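J.: Make a model of the complete structure from these sequences and hints.
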Amino acid sequence: MSNKKFKNYNGGEMPFGLQVIIFLIIIFVIWILTGGTRYGEDSTPLIKPVYEEAVSYPLR
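When we follow the working numbering, the leftmost residue of the sequence shown carries the number 54, and every step to the right adds one.
You may find that some hints are simply not true.
[Claimed, not checked] Pairwise CB distance ranges, derived in the manner of DEER restraints:
1. 88 x 60: 46 to 52 Å
2. 92 x 71: 30 to 36 Å
3. 60 x 92: 51 to 57 Å
4. 85 x 65: 27 to 33 Å
5. 64 x 90: 39 to 45 Å
6. 88 x 64: 37 to 43 Å
7. 69 x 90: 25 to 31 Å
8. 91 x 69: 29 to 35 Å
9. 66 x 90: 31 to 37 Å
10. 66 x 87: 27 to 33 Å
11. 60 x 86: 38 to 44 Å
Read the hints as simulated data drawn from the structure, not as lab findings.
Just so we're clear, the structure is a prediction, and the values are computed from it rather than from any experiment.
Every residue, glycine too, gets a C-beta built ideally from N, C-alpha and C.
T.: Next comes the structure, spelled out in structure tokens:
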């Protein structure tokens, strides 16, 4: 058996691309289990609407 040559023998290792995909899936699952993106209760808008400025100031 030692004199036979094996074609495409990888020694039981996974291909590098498969290792990268599995790593990314594991990171994604950990991120989901820890809460994912957490949106806070932010009452202030990012952009202040124009109509609120016009209403908040008295007309002269």
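J.: All the hints need checking, so say for each whether the structure fits it.
T.: Going down the list of hints, with the structure as the test:
Against the hinted window of 46 to 52 Å, the Cβ-Cβ separation of residue 88 and residue 60 comes to about 48 Å, which satisfies the hint. At about 34 Å, the CB distance of residue 92 to residue 71 agrees with the hint of 30 to 36 Å. Checking the proposed 51 to 57 Å range against residue 60 and residue 92 shows it holds: the Cβ atoms sit about 54 Å from each other. For the pair residue 85 and residue 65, the supplied restraint of 27 to 33 Å holds, since their beta-carbon distance comes to about 31 Å.
Checked against the hint of 39 to 45 Å, the C-beta distance between residue 64 and residue 90 comes to roughly 41 Å, which is consistent with it. The hinted range of 37 to 43 Å is satisfied by residue 88 and residue 64, whose Cβ atoms lie roughly 40 Å apart. Residue 69 and residue 90 have their C-beta atoms about 30 Å apart, which keeps the hinted 25 to 31 Å range intact. Between residue 91 and residue 69 the Cβ separation comes to about 33 Å, which falls inside the hinted range of 29 to 35 Å.
For residue 66 paired with residue 90, a C-beta distance near 35 Å keeps the hint of 31 to 37 Å intact. Between residue 66 and residue 87 the beta carbons are some 30 Å apart, a value that agrees with the proposed interval 27 to 33 Å. Against the hinted window of 38 to 44 Å, the Cβ-Cβ separation of residue 60 and residue 86 comes to about 42 Å, which satisfies the hint.
Checked against the numbered hints listed earlier, the structure breaks none of them; every hint is satisfied.
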